[in-house]
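Undergrad: Sequences listed follow chains G and R, in order.
For what it's worth, my numbering labels the leading residue of the first sequence as 22, then goes sequentially.
For what it's worth, my numbering labels the leading residue of the second sequence as 22, then goes sequentially.
Derived by calculation from the structure, the hints in this document are not laboratory data.
One thing to keep in mind: the hints can contain errors.
Identical copies go unnamed one by one, so any copy, or any two together, can satisfy a pair.
Stated by the list, open to error - List of simulated lysine to any residue pairs, SDA-like, C-alpha gap at most 20 Å: (1) K51 x D40; (2) K192 x A144; (3) K51 x P90; (4) K192 x R253.
There are 2 protein chains.
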Amino acid sequence: MIGNFATATQVHRRPGSTDTHAVYDAEIAKGWDIVGNANGGYLMALAARAMGDLAERPPLSVTAHFISPGKVGAVTIEVEAIRVGRTLATMRANVLNADGKPVISVIGAFSGPRKGTVQVIAATPPVLPPADECIRTGPPPGSDDVGFRDRIIGRYPAEQVEFRYDRPTGKAEISGWFEFADHSPIDEYGLLLAADAFPPVCFNLDGSPRTWAPTLEMTVYLRGLPAPGPLRARFFGVCVQGGMFDEQGELWDSEGQLVAHSRQLALLPR
Amino acid sequence: MIGNFATATQVHRRPGSTDTHAVYDAEIAKGWDIVGNANGGYLMALAARAMGDLAERPPLSVTAHFISPGKVGAVTIEVEAIRVGRTLATMRANVLNADGKPVISVIGAFSGPRKGTVQVIAATPPVLPPADECIRTGPPPGSDDVGFRDRIIGRYPAEQVEFRYDRPTGKAEISGWFEFADHSPIDEYGLLLAADAFPPVCFNLDGSPRTWAPTLEMTVYLRGLPAPGPLRARFFGVCVQGGMFDEQGELWDSEGQLVAHSRQLALLPR
């Protein structure tokens with residue numbers, strides 16, 4: 022049975038943990054993988070759950086370095102509190118596989134509730150067709166479950182996913198609607214997942230292979246808790262250079278609030 | 022005596038260090054502080070020097086969380102190699118003050134030489150007046166040394182630094198020319214400094230106090246080694262919300278190559 026996002030990111034603190042050092046048992050859940058490897062945002066969310074548990078507050082800024090693919094199965098998460106202040110807690114963590122090898126290494130700031138008032142905003146949500154006029158990628162309803170792509174619904178303006186037919190836009194950009202397939206609410210942890218849930222922007226570059234683009238590093242700023250409903254997301258790359266590309270993301274909630282900023286550095290597919 | 026950037030960021034590995042765990046002695050140098058607190062990019066560079074020494078290669082992506090102000094004086098840097106691969110090494114470090122309290126906590130990927138070929142670029146260097154027509158901030162030549170502002174030369178289009186006379190542009194943006202005051206060459210470590218060397222973009226917001234804007238987190242991608250000469254830099258914020266603002270940076274070398282991308286999350290001055 023494949024659980025929802027909340028159950029698939031459960032973590033269990035081991036006895037003997039202290040206020041500053043704790044070990045968590047968790048599982049990379051089946052159904053959240055892409056051909057056997059867990060989605061990067063899912064891994065970040067798993068680590069952040071353990072860090073947020075020890076910090077006793079949700080994430081504000083999370084950075085993950087991706088070291089080895091996350092295979093379905095047991096992992097341990099070693100969490101260390103660097104400093105716990107009144108409002109902010111700085112935490113770091115390593116997610117280790119069953120062989121004790123690092124999968125991701127994470128640092129983050131965790132913070133209690135903050136006023137969401139927007140004072141200045143120099144960006145706007147992407148202009149998207151209504152969700153039902155967008156292309157939903159992934160397998161057709163009723164087909165065999167293939168993993169991660171069945172856990173989320175991404176709906177894209179048709180021209181932005183023509184790369185599937187070898188007609189990329191030529192511009193490192195993909196935008197669309199995001200929600201969980203089971204309509205689970207999206208909290209800070211869900212935003213970490215959403216920030217890495219779309220096809221990589223390099224898929225829209227001319228001549229780019231459309232295979233795995235391994236993320237080296239991803240940082241997500243959680244700027245607000247989303248209002249209910251699907252998110253609007255826009256991802257774009259600024260520079261493809263030296264075999265690497267950046268992908269920046271802006272995630273907006275149904276009320277037009279910028280709820281997350283993401284940025285990653287990834288290797289071009291080969 | 023105030024040393025140049027290279028001598029001011031020297032680190033010394035302690036005997037007894039291993040390939041995966043090392044402790045470095047270093048000093049937050051006088052002259053690189055702003056009213057007694059070290060510049061954030063300087064602290065990142067100091068940590069990255071130790072991490073790069075253990076990794077035996079320069080930084081590619083560095084993230085720092087700023088925990089307490091860095092006062093001039095001795096620090097220790099505890100470096101841990103999470104994984105050292107053939108091309109990439111993932112490292113983390115804590116910089117501790119003389120009391121053993123964390124100043125910054127850092128994670129980074131370090132990488133050997135990489136091809137700098139630009140394949141796609143969706144940004145352009147800022148359009149700036151010639152350096153000699155820009156405003157150079159900081160004290161006039163010959164005045165008493167006040168610290169960090171005497172180590173670097175920032176030259177700005179006049180209208181962008183009118184905030185000094187309480188005439189902000191109203192737009193969260195500052196661009197200009199950057200170089201070391203002694204014309205030291207700018208390597209990957211110098212880029213870490215340059216990414217945090219300009220006044221915070223919030224200084225150009227209407228009604229913002231122009232005092233310390235504490236950085237919570239900063240990530241810098243080192244996309245290439247700069248050609249000789251001053252950098253052109255553009256910093257801009259996308260969202261001011263909940264008492265925090267982001268500041269994104271693009272740094273360009275004299276040949277028009279994007280050499281670094283930065284992003285930070287900071288608290289609004291109060």
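Undergrad: Does each hint fit the structure? Answer for all of them.
TA: Cross-check of the supplied hints:
no.	hint	verdict
1	K51 x D40	neither (31 Å within a copy, 36 Å between copies)
2	K192 x A144	both (19 Å within a copy, 12 Å between copies)
3	K51 x P90	within (14 Å within a copy, 44 Å between copies)
4	K192 x R253	within (19 Å within a copy, 25 Å between copies)
This entry does not satisfy hint 1, going by the numbered hints stated previously; all others are met.
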